[in-house]
Amino acid sequence: MKLLKIAATGLVFAATSASAQTEITWWHAMGGQLGETVNQIAEDFNASQSDYKITPVFKGSYEETLTAGIAAFRAGEQPNIMQVFDAGAATVIGAKGAVIPVQDLLAANDVAFDINDYIPGVRYFYADADGKMIGMPFNSSTPILYYNEDALAKAGVTAPKTWEEFASTTGPALKEAGYIPLSQSHLPWIFTENFHSRHDLPFASNNNGYDGADTEILVNNDAIKAHFSALKDWKDQGLFEWYGTGWGDNAKPFEEGKVAMWLGSSGSFGGLVQKVDFPFSATMLPYWEGVTAEPKQTFIGGAALFAMSGKSDEENKATAEFFSFLTSPEVQYGWHKETGYVPITEAAYEVAKEDGHYNEFPAAEVGIQQLSLPAGDNTKGYRMGFYVQIRDVMNREYGRILTGETDVETAFANIEAESNKLLERFAKTQN
Amino acid sequence: MKRAGFTNPWLPILLLVPQLSIIVVFFYWPAAWAIQSSFYLQDPFGFGSTFVGAENYTDIAQSIEYRKVAWFTVYFTAIVTFLSLSIALLLAVKADNVLRGAKTYRTLLMWVYAIAPPVAGFLGIMFFDQSHGPLTRFFGFFGWDFKLGVDYFDTATAMIIVAVWKQIPVNFIFFLSGLQSIPRSVREAALIDNNSGFRRFWDVTFPLLAPTAFFLLIINITYAMFDTFGIIDTMMKGEPGANPMTLVYKVYLDGFRGNDLGGSSAQSVVLMVLVLVLTIFQFRLIERRIHYT
Chain A
1 MKLLKIAATG LVFAATSASA QTEITWWHAM GGQLGETVNQ IAEDFNASQS DYKITPVFKG
61 SYEETLTAGI AAFRAGEQPN IMQVFDAGAA TVIGAKGAVI PVQDLLAAND VAFDINDYIP
121 GVRYFYADAD GKMIGMPFNS STPILYYNED ALAKAGVTAP KTWEEFASTT GPALKEAGYI
181 PLSQSHLPWI FTENFHSRHD LPFASNNNGY DGADTEILVN NDAIKAHFSA LKDWKDQGLF
241 EWYGTGWGDN AKPFEEGKVA MWLGSSGSFG GLVQKVDFPF SATMLPYWEG VTAEPKQTFI
301 GGAALFAMSG KSDEENKATA EFFSFLTSPE VQYGWHKETG YVPITEAAYE VAKEDGHYNE
361 FPAAEVGIQQ LSLPAGDNTK GYRMGFYVQI RDVMNREYGR ILTGETDVET AFANIEAESN
421 KLLERFAKTQ N
Chain B
1001 MKRAGFTNPW LPILLLVPQL SIIVVFFYWP AAWAIQSSFY LQDPFGFGST FVGAENYTDI
1061 AQSIEYRKVA WFTVYFTAIV TFLSLSIALL LAVKADNVLR GAKTYRTLLM WVYAIAPPVA
1121 GFLGIMFFDQ SHGPLTRFFG FFGWDFKLGV DYFDTATAMI IVAVWKQIPV NFIFFLSGLQ
1181 SIPRSVREAA LIDNNSGFRR FWDVTFPLLA PTAFFLLIIN ITYAMFDTFG IIDTMMKGEP
1241 GANPMTLVYK VYLDGFRGND LGGSSAQSVV LMVLVLVLTI FQFRLIERRI HYT
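Chains as they are written, first to last, in our numbering: chain A, 1 to 431; chain B, 1001 to 1293.
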């Protein structure tokens, strides 16, 4: 009887404390060290006030998180906040009514918002055609070139600014010094999407896909075909190595000191600091001088947070408050320092500069600098449906180029044809 | 002879209900749903959808990549089935002859059976690791620069080795019990007639094993086509890239990674038909030639 009483009091207690707080959930794809940082942010938010409580839930890879979110939405069990990666943006933004545009959400809950507070490369990737921000950029990264300082010193070279320089000087010198000069971790992201942005080339029709669903991909162009021909030549000459499609398989040889330079994400910085035992630094993504004399900014990869629709006003208010907390300069700087992902606002960038973070780690600033370079007509991002599959098609054909199974012409013709087929199919899902 | 029966006609139906409802909920209902959605292209979130008729099917039929995956599935299934059956049969025949330490030998062989497919795949990744894998080094010793996840042929080889390794124990258990159920008198009679162990095996033992072998053939084809999913998924390391894959894996990729529900449904309907045809073929044509004792 006594036990029952205690249990009953406990229940009442739990019920009252729960009702006083608005609870929201946040599905994310940040595993390992990143996941712990995410949990810390959530804990800090919960501790910073007593009205709302956010619970982060790890749902696996980016693809798995998106699929889980879609399945949950169809069952009416969606979380308040879902993390969606760059390639899934068209899917979630295309489904009108699945999410509340973050700009509307913040306005409805009296949280100040000005898109110009955000650093340039971050602003429009997750925005609609009119420039309204739909998803709140969260873990924003951009591809940069990391290099092993010991290796470069041994070879007597500096990090290359252009691919011409890499092919004529840096690559051969590093090879001579006993290193594999270069590897990279994501051919579609680094050497396709951002390749177009860096050289200000159109990636798709309809303003890179932002203006409509009847988009055609423009990937079958001479500049990128020349790039992949060069890449294959470099591989044959021992200036470049490809270890398969997996991210980690290509990063590992760099971490082990076998590969001298590695193209990865600015968000890889935090992990590298912990993993490698040689001095390393980073520089901007090289470009082809023969294609452009004025390289432009790249855009963000990583993922954004979307506020799912179908939630009560109180919960939406909680979500808005959390976004407000998340974008505060202190939280952004903490996230940036811990992980290497770029701070998304100018204010946070200022805090990082004032704190002397970049004096200690110059490499940590490269991503933001690259995202803040002059913009061009084709630098805000891309918006294409079934893009996860388009990336898979690219990866498949690139793999075939690099293993000599196919030639560059055939591969790009295939990518163009299959991507356009997928885009055409996606357009039909949007009625 | 008196026929045993139920006095109440509803009782047998009642007893069947749990089984039937499981079949309906987990097979007929999803199957019907798949057939329906294979005629649509729909927004993943369920907002919009367009009736496209047979377009999802014609897209499959015209896709060169789909054909490549289909051919790989055929090769993969044939090789995995053949190797896992023949190696298991050899081991079972040898185990059947062993008298001393037989139990230990059998137990050791059966252990692998307890390993889940993704775990087997993970072991495969470690064994074939590009820089540190012992099997990669072993192949390197013979001048084979084995590259899992880079070279199509190498990756296919690794997948086949792991899939075969994982399936041998099941086949071994069945073959061994099949061998042990062959009457001693039959074997002794054969021994008098023919001195060649090889001939005795193919003329007497193997035909008597045929029912077991036929059963295993079906089980193994199904295994290679469908149950190797976990192995393939793990060895793919989350990135399909230019790696080989089976048809069922492609259904998963397009549906659950790419969110193309219509296209993925059409592919699963194709698979359903394929299994149906295969089943009819197996039971109509092959089973007739097998005599059960």
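Where hints are given, some of them may not hold.
[As the list claims (entries may be wrong)] Pulled from the structure, derived: some chain B residues nowhere near chain A, Cβ distances all over 12 Å:
(1) 1014
(2) 1041
(3) 1148
(4) 1193
(5) 1205
(6) 1254
(7) 1259
(8) 1261
(9) 1270
(10) 1277
[As the list claims (entries may be wrong)] Pair by pair, the computed Cβ-Cβ distance ranges are:
(11) A:358 <-> B:1033: 48 to 58 Å
(12) A:405 <-> B:1126: 23 to 33 Å
(13) A:150 <-> B:1033: 53 to 63 Å
(14) A:110 <-> B:1033: 39 to 49 Å
(15) B:1277 <-> A:214: 31 to 41 Å
Hints in this document: simulated from the structure, not taken from any laboratory.
Even glycine gets a Cβ: it sits at the ideal position worked out from N, Cα and C.
> Taking the CB of residue 110 (chain A) and the CB of residue 1033 (chain B), does the distance hold inside 39 to 49 Å?
Replying inline: 44 Å, holds
> Okay, residue 1277 (chain B) versus residue 214 (chain A) on CB: inside 31 to 41 Å?
Replying inline: 39 Å, holds
> Closest CB-CB distance from residue 1254 (chain B) to chain A, is it above 12 Å?
Replying inline: At roughly 7 Å from the nearest Cβ of chain A, residue 1254 (chain B) sits no farther out than 12 Å, so the non-interface label is violated.
>> The output says residue 1259 (chain B) does not contact chain A. Does that hold with a beta carbon cutoff of 12 Å?
In response: 6 Å, violated
> Going by Cβ atoms, does residue 1041 (chain B) stay more than 12 Å from chain A at every point?
Replying inline: The assertion about residue 1041 (chain B) is violated, with a minimum of 4 Å to chain A.
> Is the Cβ of residue 1205 (chain B) farther than 12 Å from every Cβ of chain A?
Replying inline: Fine: 45 Å to the nearest Cβ keeps residue 1205 (chain B) off the interface.
> Do the Cβ positions of residue 150 (chain A) and residue 1033 (chain B) conform to the proposed distance bound of 53 to 63 Å?
Replying inline: 59 Å, holds
>> Range first: 48 to 58 Å. Now tell me if the beta carbons of residue 358 (chain A) and residue 1033 (chain B) are that far apart.
In response: For residue 358 (chain A) and residue 1033 (chain B) the Cβ distance comes to about 55 Å; the hint holds.
> For residue 1261 (chain B), is the shortest beta carbon distance to chain A beyond 12 Å?
Replying inline: About 8 Å separates residue 1261 (chain B) from the closest Cβ of chain A, which leaves it inside 12 Å; violated.
> residue 1277 (chain B) clear of chain A by more than 12 Å, beta carbon to beta carbon?
Replying inline: 28 Å, holds
> Is the Cβ of residue 1148 (chain B) more than 12 Å away from each Cβ in chain A?
Replying inline: 8 Å, violated
> Taking 23 to 33 Å as the hint, is the beta-carbon distance of residue 405 (chain A) and residue 1126 (chain B) inside that range?
Replying inline: 26 Å, holds
Hint compliance for this structure: hints 2, 3, 6, 7 and 8 are not met, and every other hint is.
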